[in-house]
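Chemist: Take the sequences, apply the hints, and build the full model.
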Amino acid sequence: MREKLNWFHVAILTYMIQLDVTLFSLPRIIAEKLGTNGWIGVLLLSLVGILNIFLYSLVHRMGKGASFFDIVEASLPKFMIYPLYLALALFYIYVGSILGKSFIIIFQIMAFPTTNSMFLFLLYCYMMYCMLIKDIYSISKAVTVFFFVTFWLGGLTFYYFSEWEIVRLTPFLFKGATEEISLNSWTDIYTIFVGCELCLYLFPYASRDGKWFKGVYIGHIFITLVYVYVIIVSSGFFSFHQLKAMSYPIIDSLAFIELPFINRVENLVFAFFMFSNVTSSVIYGFASLSAMKRIFPRMRKNVLEFVIAGITFGFGFTAQILRETDKHVSDAMFVETILAFSIPLLLIVLLLIQRLRLQKGSERA
Amino acid sequence: MIARIALVLVLLLLTGCGDQRILEELGFARSVAYDTIPDQESDGRIQISATIPKANQQEKIFFTTIARTSKEARIKFSKENNRRIVSGQMRSVLFGIDLAKKGLWDHIDTLIRDPQVSANVHVILVEGSGGDLLKKEYKPYPQVGEYIDELIKTEARATAIPDSRLYDFSRDYYDDGADPVAPILKSTGAKIKVVGIGLFRDDRYVTRIPTDQFMFIAFLRGDFRSGDITMRIPETKQHHENVMLSSMVNKRTIHVTRNHPVRDGHDIQVDIEMEISGSLLEYTGQLKLQRSSDQIKLETIMNKYIKQETERVLKSMQKHRVDSIGLGQYVRNKLSYEEWKNLDWNKAFADVRISVHPHIKIKDYGKLQE
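Chains as they are written, first to last, in the numbering used here: chain U, 1 to 365; chain Y, 1 to 370.
Since the hints were derived computationally from the structure, they do not count as laboratory data. Every value quoted in this text rests on a predicted model; they were computed, and no experiment measured them. Incorrect hints may have been included.
[Stated by the list, open to error] Below, a list of computed lysine-lysine pairs in the DSSO-like style, where the Cα atoms sit at most 27 Å apart:
| # | chain 1 | residue 1 | chain 2 | residue 2 |
| --- | --- | --- | --- | --- |
| 1 | U | Lys211 | U | Lys4 |
| 2 | U | Lys244 | Y | Lys71 |
| 3 | U | Lys244 | Y | Lys347 |
| 4 | Y | Lys304 | Y | Lys288 |
Modeler: What follows is the structure in structure tokens.
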């Protein structure tokens, strides 16, 4: 019998896909876009994320577990969908690539500042390739290990409690944002939840009854709690305007930790986060691979994986400095947010049409 | 598989070739000092000095130069030296008071921006010239950088002088309801002494708290554990009694009451409650400590004394319009956002009615019965 993904691994996958390089600037972004007590806004947006997951579970139920590709191919002709697959595949590679490159550029603020960033990125892509050539079960097991490698870092927040003061949180709700809060601010922040939509590509590897969707919800709720916790800890540790002034509050707060045998812990800890960042890139790569396999079903083993890692590396050339990676990440995340909602809606429409056609067919018979 | 492992190893090892940091080629600046130079020569420049320990840990190298910024000075130092100067191990940064009066933010900004510099670097004021303080030899302490670091750390534990790391300084600087503080050092002969706590308005040094009032600002600034205080309480006009409390624990709470609407500081009343307990280790007065009633009497006397002294410290802060204990944060939380935005806190602070209510408890009175 083929192994199925269980809810536990799905939960960790969902959590790890969403946890990426944006975490380091998260408290600042929230303070800039929403002002004081932005964590409440994160909770509200998390509900939107839950709605998004619900749409996918609806697709799963209506399609009886059929994959994205099966649903699309049942309605549309192949000449139409292959360019669509290709575009989607390239876009996913681009997202994974830009997340990785952004991590490398930020990493270079602290370590290896004069090394060619593409060289470090090559290592990153190689790591991604090594994971991508494995099947999704092995990937999910590796990701579970990565989860435990990074999760204990949360314990470091105990260092901040002596300086943490609730009075700095202020009783004001959404005041003092850099610009007036608009729909744009909300969509910008929603991008932190981008990633859970990739559960769509797990359909063929999980049980048909859809119980594993529990894992997607749990992973999503878990990342929400982590985000809220990180924001509350930073808001009581730093003063509000200070938070808005710092590029990466999380790196700054790590820099505060001093152990008797080692100081400047941030250099070490930041490297650990590479695992969660690689996970995001790998799963985007995996989504892209799923699409590519549909177009080139008879390709030799590992060739597509190699091509994906290669294109990931190639996309890295498009952003060489921080303001470029920042811009690319925010653009890519914006497009991905739109896709995350439009794809399930499209699939639901297709499934409804298919059902209608089936009904008509049976009536005629 | 072996080829793959070899590839990863080669790639990883090659990474190290690009950005090398060879210990023997680096000079770790431990302390850096910034001072003003006479106006007619300055043209926007300041004097920057640094000490670097030698490998034997017994000697130090002292550099000083005139430059526009600390980074320019670092490059100048590196040129005069066979080592590259790095700031990854910096422990303290010293500012002459004259410079601090003009504002420190430009200098602090570049320190925070630099990822090499730790958030735990102490910000310290120097009475006189910071460069001179670093240059001097202090016999029992060959490394002045370590000496300063240890001094600040032990003083902080014993007399509860406030923390003033880059982290605290910038946090309070950015906070619209608090102002930063920093200890003031002075080099006297063969020693360095803490002679006061400098109070800032934004990034400018305004006034100081003298050493005998350290404990009172500590009571006001927040909770602490460990700390000693000696009180010289006037019993009669001629006679004083000495009381010493040790291992103190302080718990501070702040209550803000306000009028509607808040137009200025007069509409705000702040009550500061302090629960203090400690071991009484010295007492020279007439009361009998074994009697509970006398202990309570002594507590009342101490309460009165601490109230009077802390209110005196507060008056001085209000006069200089510096909120060094962060009262503004508590006031802010009682106001609406618009009210707070319309209030110029540093100005309003001067008019706020503040009263202090200490509640001292003598936990024990040492090993003697009488």
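Chemist: Against this structure, judge whether each hint is valid.
Modeler: Evaluation of the provided hints:
1. U:Lys211 with U:Lys4: With a Cα-Cα distance of about 12 Å, the restraint between Lys211 (chain U) and Lys4 (chain U) holds, given a limit of 27 Å.
2. U:Lys244 with Y:Lys71: holds (25 Å)
3. U:Lys244 with Y:Lys347: holds (25 Å)
4. Y:Lys304 with Y:Lys288: Holds, because 19 Å separates the two Cα atoms, which is no more than 27 Å.
Checked against the numbered hints above, the structure breaks none of them.
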